[in-house]
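Asks: Listed below are the residues making up each chain.
Protein chains: 2
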Amino acid sequence: MTAAYSQLAAHFGKVAALSNAVGILQWDSDVMMPKGAAETRAESMALLHVLRHGMVTDPRIGDWLDTADGDTGLGDWERANLREIRRSWTVETALPADLVEASSKAISASEMAWRQARADADFKALLPYLAEVLKLQREIGRAKGEKLGLSAYDALLNDYEPGGRSAKIDALFDDLADFLPGFIEEVLAVQARRPASPAPEGPFPVEAQRALGLQMMAALGYDFERGRLDISTHPFCGGADSDVRITTRYDETDFSRALMGVLHETGHALYEQGRPQAWLSQPVGHARGMSLHESQSLLVEMQACRSREFIGFAAPKMLEAFGGSGPAWQADVLWRRYTQVQRGLIRVDADEVTYPAHVILRYRIEKALIADEMPLSELPGVWNAQMRELLGVTPPDDRLGCLQDIHWPSGGWGYFPTYTLGAMTAAQIFDAACRAEPEILPGIGRGDFKPLVGWLRANIHGLGSLYETDELLTRATGRPLDAGVFKAHLKRRYMGE
Amino acid sequence: MTAAYSQLAAHFGKVAALSNAVGILQWDSDVMMPKGAAETRAESMALLHVLRHGMVTDPRIGDWLDTADGDTGLGDWERANLREIRRSWTVETALPADLVEASSKAISASEMAWRQARADADFKALLPYLAEVLKLQREIGRAKGEKLGLSAYDALLNDYEPGGRSAKIDALFDDLADFLPGFIEEVLAVQARRPASPAPEGPFPVEAQRALGLQMMAALGYDFERGRLDISTHPFCGGADSDVRITTRYDETDFSRALMGVLHETGHALYEQGRPQAWLSQPVGHARGMSLHESQSLLVEMQACRSREFIGFAAPKMLEAFGGSGPAWQADVLWRRYTQVQRGLIRVDADEVTYPAHVILRYRIEKALIADEMPLSELPGVWNAQMRELLGVTPPDDRLGCLQDIHWPSGGWGYFPTYTLGAMTAAQIFDAACRAEPEILPGIGRGDFKPLVGWLRANIHGLGSLYETDELLTRATGRPLDAGVFKAHLKRRYMGE
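As you go down the protein sequences, you meet chains A and B in turn.
No gaps in the numbering here: position 21 of the first sequence is 21 in our numbering, and each next residue is one more.
No gaps in the numbering here: position 217 of the second sequence is 217 in our numbering, and each next residue is one more.
Possibly wrong hints are sitting among the right ones.
[Stated by the list, open to error] In the DSSO-like style, the derived pairs of lysine-lysine whose C-alpha atoms are separated by at most 27 Å in a straight line are: (1) B:Lys-14 with A:Lys-135; (2) B:Lys-147 with B:Lys-105; (3) B:Lys-14 with A:Lys-14; (4) A:Lys-450 with B:Lys-35; (5) B:Lys-135 with B:Lys-147; (6) B:Lys-450 with A:Lys-14; (7) B:Lys-147 with A:Lys-105; (8) B:Lys-35 with A:Lys-14; (9) A:Lys-14 with B:Lys-105.
These are calculated hints, taken from the structure and not from any lab test.
With the hints as constraints, model all of the structure from the sequences given.
Replies: In structure tokens:
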């Protein structure tokens with residue numbers, strides 16, 4: 001191994017140390033920080049982003065890469081590490097430091113403004129902050145796109161989904177947008193004929209919900225020595241290497257939202273906790289893009305934990321946690337509720353059938369906004385019109401409309417499509433896993449996730465970024481991503497086909 | 001104003017942004033972090049310390065300082081800011097970066113080892129970690145001392161107490177060590193003749209204790225928009241500018257420990273929250289050394305909140321919080337308990353009469369260890385012998401002996417004497433404040449701390465590091481520190497003199 005490779009590895013070990021600090025501070029901002037500290041924190045975050053930017057654009061990296069590329073003594077992991085370092089180097093050197101700093105500050109301000117604006121259902125209060133974030137995201141996209149030969153939007157997308165292209169996504173999403181409205185009609189008609197599914201009666205105290213969530217996390221194999229469960233307005237999985245923290249929010253009238261949220265974030269966390277330990281701090285040890293990441297949360301939440309098998313295991317645990325009684329707590333009744341399809345307003349509460357419609361709407365809007373094809377001030381109107389078109393519902397206010405998600409205020413432009421790419425990927429992976437390991441579904445029925453998680457560790461989590469997305473998926477499932485298994489899954493679960 | 005001064009101010013604004021990040025991460029390590037993240041966190045902390053060291057030793061600082069010193073357009077605050085920057089510059093440039101990094105890593109490892117060793121009362125398990133920290137502290141002290149013309153110990157002390165010298169402290173502490181054993185005897189004899197003071201009967205649920213603590217913090221004027229109250233093994237005040245967080249620990253059999261701990265840390269927090277807002281991120285805006293800091297916590301806890309006036313206000317609040325009944329809840333009885341003197345083992349639980357003995361012991365030991373006049377392996381034996389000599393008690397194990405404090409494992413060598421310097425300073429300041437503002441004590445009796453905190457804001461908190469310690473104290477109280485008022489306070493409160 002050349003000195004150049006070793007220097008790169010040491011350098012990116014330091015980058016990881018800095019990123020881990022940023023991850024914990026970001027978690028703190030969302031979970032712990034008092035309001036009055038926002039400005040001070042924004043200064044810290046901006047500085048750390050600038051320092052990080054300085055490290056990942058260190059001019060020595062280019063020289064080290066060129067030397068290390070000629071190193072014949074490197075193994076597959078080291079080679080893949082070089083590939084990932086070069087990818088990040090190309091993108092990061094596209095950005096001037098003042099743009100990185102301005103963006104970080106604009107995001108901090110806009111996140112704070114969003115919290116208040118969302119509570120007040122006041123889009124106008126957010127508008128100037130969001131406009132600044134959008135303007136800077138557009139600049140970032142253009143700067144990266146120029147270097148990569150991509151449109152501004154594809155350049156932003158590429159950060160979350162390496163190799164992802166909107167032309168491909170357009171085709172997949174247009175197909176789904178054709179399929180879904182009719183399919184939703186059919187499912188709703190079928191479900192209207194099912195027996196009534198009474199809701200378990202609350203209240204469901206936060207402490208009992210938390211205890212149930214922790215129990216389910218433990219069943220899934222979440223490692224509490226390397227993470228935490230807390231509360232935040234917008235649930236997320238974050239933190240640092242060896243410190244993978246998830247959050248949820250509790251509603252005392254409905255425990256299933258927090259529970260399914262916890263299962264979802266646990267799916268993310270299992271991926272993070274299962275990354276290759278020897279490569280944890282190196283780019284090749286990172287999770288392989290956000291659609292893979294979303295696939296792991298949706299695999300756990302949608303594929304595994306809304307299966308009849310899982311509800312059969314979980315129903316008595318729920319009963320025990322809340323001390324309920326009556327038919328609402330029967331597994332069949334609960335399962336019908338957990339697979340209930342509804343035209344709803346809120347993405348994070350959406351069922352897996354309507355969810356892609358929420359994503360397609362956001363994807364189309366953010367693509368238009370980045371391309372400057374639509375004024376930001378029209379966002380609420382466009383949002384509501386597309387909700388009517390795709391889902392047949394109209395938000396009564398912007399809190400339940402375009403203010404519901406933190407992604408845009410926090411600079412996550414190009415992220416949304418990965419949710420639905422993730423749903424398709426989840427279906428394809430879960431299907432392949434169950435074929436390869438017949439013990440998976442019966443295991444889930446007993447609350448034993450070891451067969452599932454073992455397969456995921458070996459075929460997804462433990463591989464980090466060793467392979468490009470298409471190759472990883474082909475090795476795991478036999479082919480690159482298509483929508484076939486996802487549609488088949490929906491038809492099977494919701495139409496009994 | 002010269003460009004050089006502006007550049008210094010901008011540069012130290014960035015140093016503050018980095019220090020604030022470190023402060024929050026340190027808080028997280030003590031309050032939130034899961035065990036398995038310790039190594040990863042240590043990497044992050046070490047990196048941030050190295051980055052911070054790089055910033056405060058930036059070679060441009062020396063040039064900027066030399067140019068700015070000749071700037072005739074600067075006001076008093078700017079001049080004092082230059083003085084503080086030069087002080088830090090002199091000290092920080094004394095240390096090579098690898099020593100800073102090694103020390104940071106050794107401290108992280110030793111803090112983790114201490115948590116376990118303390119729980120297990122196992123000094124031997126801590127010994128190798130602590131030896132490494134001591135070795136590096138000695139190196140740090142020597143390197144700084146060489147630059148400042150001080151002994152290694154005085155150089156370490158100087159970081160916490162600018163201008164502090166062990167020769168002065170030796171004199172003060174020897175005097176106290178002569179005074180205390182006899183005084184403690186006398187007080188114990190007097191208290192033995194007092195009527196019995198039954199203890200309030202528990203259990204005292206953590207939630208009720210927390211609510212009472214929050215109520216008292218609010219009465220003191222703690223700003224919850226710029227801070228939090230949480231739980232940690234060793235209570236502290238930390239966090240960042242505009243984000244001043246305190247912690248406590250709860251014992252359900254005795255609420256007074258957590259309550260008095262909260263009041264103590266609130267004293268620290270009021271100082272931090274009251275620093276001059278316009279200078280918050282500049283060295284001149286920092287608190288004026290640790291004995292001043294300790295004076296503010298002890299002023300609140302010992303001078304104000306163990307006064308008969310405060311207990312008169314607090315007794316009905318305590319009764320309400322825990323729903324007790326009987327003579328134990330009478331203000332006179334509670335006050336006798338809050339001024340009860342005991343020969344105890346634990347510093348943080350010690351009363352104000354015996355507390356200085358705990359500090360003198362630590363001061364003498366750490367001075368000997370830094371000077372290499374005593375092997376670290378003999379610490380438990382020496383500790384126990386001095387406890388017998390100064391306090392007449394012997395720890396049954398090291399958990400209740402030399403493992404009780406985090407200071408040494410976390411690299412806080414030279415810090416301990418500031419506690420007792422702080423107690424003397426607190427007495428001197430409180431006495432001057434009450435003379436200048438007669439409404440202070442009656443206010444405390446009504447739970448109205450505005451007269452006290454208003455005076456402290458104007459005479460201590462709001463001045464930051466504008467003046468050197470002696471000048472600050474002379475302006476506030478009429479003279480530099482001596483032990484006279486402290487002794488008079490003890491004689492008045494405990495002997496009725």
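Asks: Against each hint, give a clear statement of whether it holds in the structure.
Replies: Hints, one by one, checked against the model:
1. B:Lys-14 with A:Lys-135: holds (26 Å)
2. B:Lys-147 with B:Lys-105: holds (24 Å)
3. B:Lys-14 with A:Lys-14: Given that 27 Å is the threshold and the Cα spacing comes to 20 Å, the pair holds.
4. A:Lys-450 with B:Lys-35: Answer holds: Lys-450 (chain A) to Lys-35 (chain B) is near 24 Å, not above 27 Å.
5. B:Lys-135 with B:Lys-147: Given pair Lys-135 (chain B), Lys-147 (chain B) holds - Cα atoms ~19 Å apart, limit 27 Å.
6. B:Lys-450 with A:Lys-14: violated (48 Å)
7. B:Lys-147 with A:Lys-105: violated (39 Å)
8. B:Lys-35 with A:Lys-14: holds (21 Å)
9. A:Lys-14 with B:Lys-105: The given pair, whose Cα atoms are some 14 Å apart, holds under the 27 Å limit.
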